[in-house]
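Each chain is listed here by its residues.
There are 2 protein chains.
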Amino acid sequence: MTRPSPRTDIAHEALKQAILERALQPGTKLPEDEIGAHFGMSRTLVRAVLAKLQSEGLVDARPKRTAIVAQPTLAEARDVFEVRRGLEAQAVDLVIKRWKPSFGAELEGLVREEDAARERHEEHVAGRLGGEFHIRLAKLSGNVLLERYMSELVTRCSLILAVYGSPHSHDHSGPNEHIEIIAALRAGDAARAIALMDAHMSTVERRAMHDTDPAGAALGDVLARYAVAIAGRDSAIPLKQKRAK
Amino acid sequence: MTRPSPRTDIAHEALKQAILERALQPGTKLPEDEIGAHFGMSRTLVRAVLAKLQSEGLVDARPKRTAIVAQPTLAEARDVFEVRRGLEAQAVDLVIKRWKPSFGAELEGLVREEDAARERHEEHVAGRLGGEFHIRLAKLSGNVLLERYMSELVTRCSLILAVYGSPHSHDHSGPNEHIEIIAALRAGDAARAIALMDAHMSTVERRAMHDTDPAGAALGDVLARYAVAIAGRDSAIPLKQKRAK
DNA sequence: AATACCAAAACTGTATACATGATTGACGGA
DNA sequence: TCCGTCAATCATGTATACAGTTTTGGTATT
Chain X
1 MTRPSPRTDI
11 AHEALKQAIL
21 ERALQPGTKL
31 PEDEIGAHFG
41 MSRTLVRAVL
51 AKLQSEGLVD
61 ARPKRTAIVA
71 QPTLAEARDV
81 FEVRRGLEAQ
91 AVDLVIKRWK
101 PSFGAELEGL
111 VREEDAARER
121 HEEHVAGRLG
131 GEFHIRLAKL
141 SGNVLLERYM
151 SELVTRCSLI
161 LAVYGSPHSH
171 DHSGPNEHIE
181 IIAALRAGDA
191 ARAIALMDAH
201 MSTVERRAMH
211 DTDPAGAALG
221 DVLARYAVAI
231 AGRDSAIPLK
241 QKRAK
Chain A
1 MTRPSPRTDI
11 AHEALKQAIL
21 ERALQPGTKL
31 PEDEIGAHFG
41 MSRTLVRAVL
51 AKLQSEGLVD
61 ARPKRTAIVA
71 QPTLAEARDV
81 FEVRRGLEAQ
91 AVDLVIKRWK
101 PSFGAELEGL
111 VREEDAARER
121 HEEHVAGRLG
131 GEFHIRLAKL
141 SGNVLLERYM
151 SELVTRCSLI
161 LAVYGSPHSH
171 DHSGPNEHIE
181 IIAALRAGDA
191 ARAIALMDAH
201 MSTVERRAMH
211 DTDPAGAALG
221 DVLARYAVAI
231 AGRDSAIPLK
241 QKRAK
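Protein sequence lines correspond, in order, to chains X and A.
Take the first sequence: its letter number 140 is residue 140 in this note's numbering, and every next letter is one higher.
Take the second sequence: its letter number 38 is residue 38 in this note's numbering, and every next letter is one higher.
Wrong hints could be hidden among the right ones.
Identical copies carry no separate label here, and so any pair may be met within one copy or between two of them.
[Said to hold, decoys possible] Subject to a maximum C-alpha distance of 30 Å in a straight line, what follows is the list of computed DSS-like cross-link-like pairs (lysine-lysine):
hint	residue 1	residue 2
1	Lys16	Lys139
2	Lys16	Lys29
3	Lys139	Lys100
4	Lys64	Lys97
5	Lys16	Lys64
6	Lys139	Lys64
Rather than coming from a laboratory, the hints here were simulated on the basis of the structure.
Just so it is clear, the structure is predicted and the values come from calculations on it, not from any experiment.
Input sequences plus hints: build the corresponding full structure.
Here you go:
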């Protein structure tokens, strides 16, 4: 259609990173003009970028309104994690079926990179690599569509974690769990690998929704988003400059 | 972002239908001008429609080339069915967990509609309703994301069926299987429901890829697409008129 | 001090223009 | 007869213009 224009990709990637690293807080306005000016492209292209980000769940764009950084609700968060668990299990299953020795090394490489990044205190990088592990796993399943879906799910989980997670608890303690999963994969123990993966997802999910009362979801939803909105009210307004009074 | 303009939705739906009913054969060119002229809208909007169709896997759009109706490869078909099986199982599981008596009636209503359509020999309608059954099931799971993914998967399966399936074998014999699945859901028998669903998917999948030799996929892929291209070469060129010599 | 109203400003929706890259078909050479 | 070359045509990539809607901030009113 249009995608592989380098500028477009750059803008997309930049916005995605900025959102996931919480440099752009949920609710922040994303006016087409301003983004276009910043990346040196016209609104036409910005629109395409925003549309893609919207389809990935990182941006909310209602008609005739300025697009904003997505504010995932708890209900959405629950859905995302639920589907992700299912697809992770399927990925594990397929990877074991199509296992090759090189897979183990590949995954271990990622875990090592993540550890290294964490030691360098590059939390954002480590977080990204933590997600990358799961995307790579899906890729090794040999199913391109599964990889695409997993990629989208991991991204959305990252945003959820950024929004609802406790501030500095970025994914961490993950590495050990990843290592165990690799061991189970290598042993061809599908049941164990899936169980481990499920436990791992629980860890991540619990970290994400640390204060969720499953019963009062409806109200909880509102309050949680409200809290987010307040918190971001007059700190860091990176794109949309507040003009002088 | 842009979507809910009625014209845009109409064009999207029209093209989707036309593709799924094979009125637009795989490989048919879809020039922005012509589509725009037909629906009375500018290329700008057509572009958005084509981008969406591309993301749904119904259209192939490589840069600087005229978009064409997608020609799914056997590899893609395999991926789609594989993921779909996984998500169908998850949907069944969740629906049983959240079962309400009204669900049964709702699903049975769809099956009846499908039967009725088939008796009226409205095969396309019946086929659509057959797919609708699965989308509705996903919706009943209460997971919006799962519903979205299922919807996309059902659509893509329809195209695959249209491309690789034997001409007049539209989904049919499905109804009985759907009825059995409903019975298992109602009984709360997850294992049986999933087994039935899996068998059902096998039926559909077998009907779709009736002549697939799993070993020679690479070559088979090419030849199958070649056959498709030949078949559609000079019949029905609905959008792109062949100009007089 | 809070509220309702109104005009200016901020943005989006959509069409269109211009530049550039693909495709096609005719023509000429081997 | 078969290729290869080249220009005309077709169609996309991107920017921009203009119209219409939402948002905002100030002022008058209660």
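Which hints from the list above does the structure break, by number from lowest to highest? As far as the earlier hints go, only 4 is violated by this structure.
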